[in-house]
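Visitor: Here is what each chain is made of, one letter per residue.
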Amino acid sequence: AQAEEILKAVSAFPKPLAFTQSFLGYVDLVNERGKGIVQIQHIGGPEVFPSNQQVAAVERGIVDIHYGPAGYHLGSMPEADAWLGSTITAAEGRKNGGFALMEKAFQDRLGVKLMAHIDSGIKFHIYTLKEPQKKADGSVDLTGKRLRTSPVYKSFFEALDAIPVSAPVPDIYTGLERSVFDGAGWPIVAIQDLSWDKFLKYRVDPGFLQTDLSIVMSPSKWESLSPEAQKILQDAAIEYEQKSYDNFQAIIAATDTKVQEDGMTIVRLEGQAANDYLDKAYEAVWSRMKASNSPLYDELKKAYYQR
Amino acid sequence: MSLPKLYSGLITGLAVTGALSFVFMTFAIVINVILRNTGQHPIQATTALIEYALLFATMAGAPWLARQGGHIAITSFTNFLPPVMRTALGRIVLVTSVAILALLSWRATLLTTQMWERGTYDIRSIAIPSWVLYAFLAAGFGLMALEFFRLLIRGDIYSGESAQH
Amino acid sequence: MDWHLSLVAMFTTILALMAIGMPVAVAFLTINLLGTLYFMGGLNGIDQLIANSTTSITNFSLVPVPLFLVMGELLFHTGLAMRVFDALDKCFGGIKGRLSYMTVVGGTVFATLSGSSMANTAMLGSTLMPDMVKRGYKPHMIMGPIVATGGLAMIIPPSSLAVLLGSIGRIDVGALLIAGMIPGLLLALMFILVIRTQITLDPASAPGHPDVRASVPEMIKAVTFDVLPMGLVIFAVVGLILLGWATPSESAAFGVLAVAFLAALYRKLTIEAITKSLRGALIVSTLMLTIIIGSTTFSQILAFSGASSGLIMWSSGFDLNAYTMLAILFLTLVFLGMFMDQLSIMMLTLPVFMPLVSLYGFDQVWFGVVMLLALELSLATPPFGLLLFVMVGVSPKGTTIGNVAWAALPYILCTLALIVILAIFPELATWLPQIMR
Ligand code: NA
Ligand code: NA
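Each protein sequence line maps, in turn, to chains A, B and C.
Each residue of the first sequence is one higher than the one before, starting from 1 at the first, in our numbering.
Each residue of the second sequence is one higher than the one before, starting from 1 at the first, in our numbering.
Each residue of the third sequence is one higher than the one before, starting from 1 at the first, in our numbering.
Here chain A stands alone, though its shape is the one from the complex (with noise of 0.2 Å):
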């Protein structure tokens, strides 16, 4: 038998954070099923290569694994937008086929072949530091309000008539306690990591759009490996995208609670209000990957994007 192969993986996110301890939920199966075959070191997060840097680094085979958001590519692979609008689970659509055609774009684009689309179906929503009012028709009235974005969903915010306001993570908190901000985007998991949830009382539910990490490998690697190996990597890869969606709604489920015990207060859309809402968002993103005259454009929406 050949020697216990062993790769290297390097996270977006800091170790401690709960996305990464995600992505080591993966190592540990690879590794509890690959002994003596194939096992994953994940040598450390945006320390050792910067977050948007690290798919580059698989690319060039210096290291053999990444795992972080797809949406950080957006400027090299605008399909990665598929996967921000996409309405149904990853092992949905890997079923359906939209997983092979990112598999193709992440091959195409950013030279690595993509492993796995885990932490699924966690979503984004807007927080206020005020109730924002709502307008006649039940649509949440957010003109002129100056939302903290990234520019995953800057366009969104636009067509809320929102102004998106660009600023580093680190001056966040000050700028929501002195309300230079009147709320922010975030995924509906974290928002009490940075102790945010002392300011954002405010929650304007339903989410829009969805997490998109995926985890990506050195092409030259996954040749080289055994096909036992191969067959390890790949099945904990799928098994792993069905459990960290699982996780991840018992998270979601006790953030929710959690958040509202501590006095958050859901503002809810309901019916047209919330389907317009959601319109918006999710014409934001595909018209997005529309305009990039992306090739796989018509079938990754039709696999995607079923609301």
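Bear in mind the hints are in silico, worked out from the structure with no lab data behind them.
Treat the hints with care, as some may be off.
[Unchecked claim] Residues of chain A placed beyond 10 Å of chain C at every Cβ, according to the derived structure:
1. Ser139
2. Thr143
3. Ser166
4. Ser292
[Claimed, not checked] FRET-style restraints, in silico, Cβ to Cβ:
5. Pro355(C) with Ala250(A): 17 to 25 Å
6. Thr200(C) with Met85(B): 37 to 45 Å
7. Gln306(A) with Ile43(B): 31 to 39 Å
8. Thr113(B) with Leu193(C): 16 to 24 Å
9. Phe24(B) with Lys231(A): 53 to 61 Å
[Said to hold, decoys possible] Calculated lysine-lysine pairs in the DSS-like style (CA-CA distance at most 30 Å, straight line):
10. Lys397(C) with Lys5(B)
11. Lys5(B) with Lys134(C)
12. Lys201(A) with Lys134(A)
13. Lys134(A) with Lys258(A)
14. Lys104(A) with Lys302(A)
15. Lys280(A) with Lys290(A)
Virtual Cβ for every residue (Gly too), placed ideally from N, Cα, C.
Following the hints, complete the assembly by docking chains B and C with the ligands onto the known chain A.
Guide: Leaving out everything else, chains B and C with the ligands in the frame of chain A:
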């Protein structure tokens, strides 16, 4: 104009642009904060442009600073050496610096063209073509290498002691 | 390579490169290249190195560094700083070493509005240093307080480093920010005692100034025209943050504008003053940021090689009593801080340290404050101390890093003493966050 003069003009000109980018940062931030607080839309490009200006100003200032002898070097130990050895060591340091900076500049140039050909973008508050930052590094490292090379052919060594104020 | 060897090889090489007089910025690039070739291999590694460098300083949180430099330079070159000092001369009469005290007080005020130690030190240095030299202060009475007080910016809120520490270490950010308040002020107080002691021991270290105070009307006039208008600068920086108009990173721009505005009122905003200020700011900003480009990547290569995690695992692997363990964690931080940047240190150490913190039953917020103090310290320790570099950059010709480090030494000892005090009286850090809940 002669080539050396033109080159000197380039080094100074870059430094002036670097310094002016501080003025740009100041006004860009002030304008954006005013727009945001008066309910208008701030200019989305500002954050990204300022982040780029940080690297631009540094790379534009670095060759000029090398010419001024302003990059910090630790001379506490070399000052104890006999002059002959100090000069020899100084020249080794210069040769190494030129080689390292030239190598980095060469690779950064190749990456610049690679990014150009791929046509990828760096997405921040606005999308900027990915090659731009690599070009800053290629030019900055390259010109720094030239500045140290000038010292070398002039027979000087770098002391870093003329860091002046 | 074994992590011991990697660590020793990387550290001795960078030390040697610095010692033979290679510019610090180039020394980092050189070691990075060597490290890359060895650990990552070939041109691919070098390309990755360059890619990593594109992100190292294109970070909005660094904006206050050049802008506070411009602000400080403007205060100096337009003569506004001089006016304030003259006015204070009139009011305080013969208090010896007054400007050293003022550095601490002023620096503490600025620490409450700046989240960045580098920016704070740069600003203090470029504003105060030239005038203090002119007035006959001995260099250590100028540089020591400036380097020391500059570091307070990351202990006293707001502090971008505390926010990052909280988020990476999963410590309550709000509590951590507030917890830094009392230790920060205590440290400032200790700094004042150091100055007092130094002046007693060496009365010639600071000038005596005129012994007699000016008359009351003269004092009122001086304060009204030369000191009070500075309130506008303070307002532009702190006020706008407090009012919620600007973020801490943005406020520096308003500081620049306010100083320019005041200078224009005094008819001192000449082209010459502006040119000199921009030139001075460019020098210091460039020398710092070129070093940061190299040192950031250096930290990354150390992390990639496994050297840093090896050291951290080793140092935390002992079975010891709580205080000894704390001392070891602290020393590890200080050692890493000799060569690495703060953010990298935090990302490397926190995953190992935080579990130990709960294992040993330390209070998380309290430990966060200790860690911030250790990181603050690392900015002022040679050979790689960014605050030392800043200080050399704004100092007169011929000032060496050694000079600055010596000047900073008594203040470094204060920080060490404070950590011991915090170990004995943890309430100094934990009390304020508790009552403010
Ligand atoms: Na501060
Ligand atoms: Na240090």
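Visitor: Look at each hint and say if it fits the structure.
Guide: Evaluated hints:
The beta carbon of Ser139(A) sits about 27 Å from the closest Cβ of chain C, which is more than 10 Å, so the claim that it is off the interface holds. No Cβ of chain C comes within 10 Å of the Cβ of Thr143(A); the nearest lies about 19 Å off, and the non-interface call holds. The beta carbon of Ser166(A) is not kept farther than 10 Å from every beta carbon of chain C, the shortest such distance being approximately 8 Å. Every C-beta of chain C lies more than 10 Å from that of Ser292(A), the closest at about 22 Å, which supports listing it as non-interface.
Checked against the given bound of 17 to 25 Å, the beta carbons of Pro355(C) and Ala250(A), roughly 23 Å apart, stay inside it. At roughly 44 Å, the beta carbons of Thr200(C) and Met85(B) sit within the given window of 37 to 45 Å. Distance hint check for Gln306(A) and Ile43(B): the Cβ-Cβ separation is about 37 Å, which falls inside the suggested range of 31 to 39 Å. For the pair Thr113(B) and Leu193(C), the supplied restraint of 16 to 24 Å is violated, since their beta-carbon distance comes to about 60 Å.
Taking the beta carbon of each, Phe24(B) and Lys231(A) are about 56 Å apart, inside 53 to 61 Å as hinted. Of the supplied pair hints, the one linking Lys397(C) and Lys5(B) holds, its CA atoms being roughly 28 Å apart against a limit of 30 Å. Simply put, Lys5(B) and Lys134(C) have alpha-carbon atoms about 37 Å apart, too far for the 30 Å limit, and the pair is violated. A threshold of 30 Å between alpha carbons decides the hint, and for Lys201(A) with Lys134(A) the separation of about 16 Å falls inside it, so the pair holds.
Restraint check for Lys134(A) and Lys258(A): the C-alpha separation of about 25 Å stays at or below 30 Å, so the hint holds. For the suggested pair Lys104(A) and Lys302(A), the alpha carbons sit about 16 Å apart, so the restraint of at most 30 Å is met. Taking the CA atoms of Lys280(A) and Lys290(A), the gap is near 15 Å; set against the 30 Å cutoff, the hint holds.
This entry does not satisfy hints 3, 8 and 11, going by the numbered hints stated previously.
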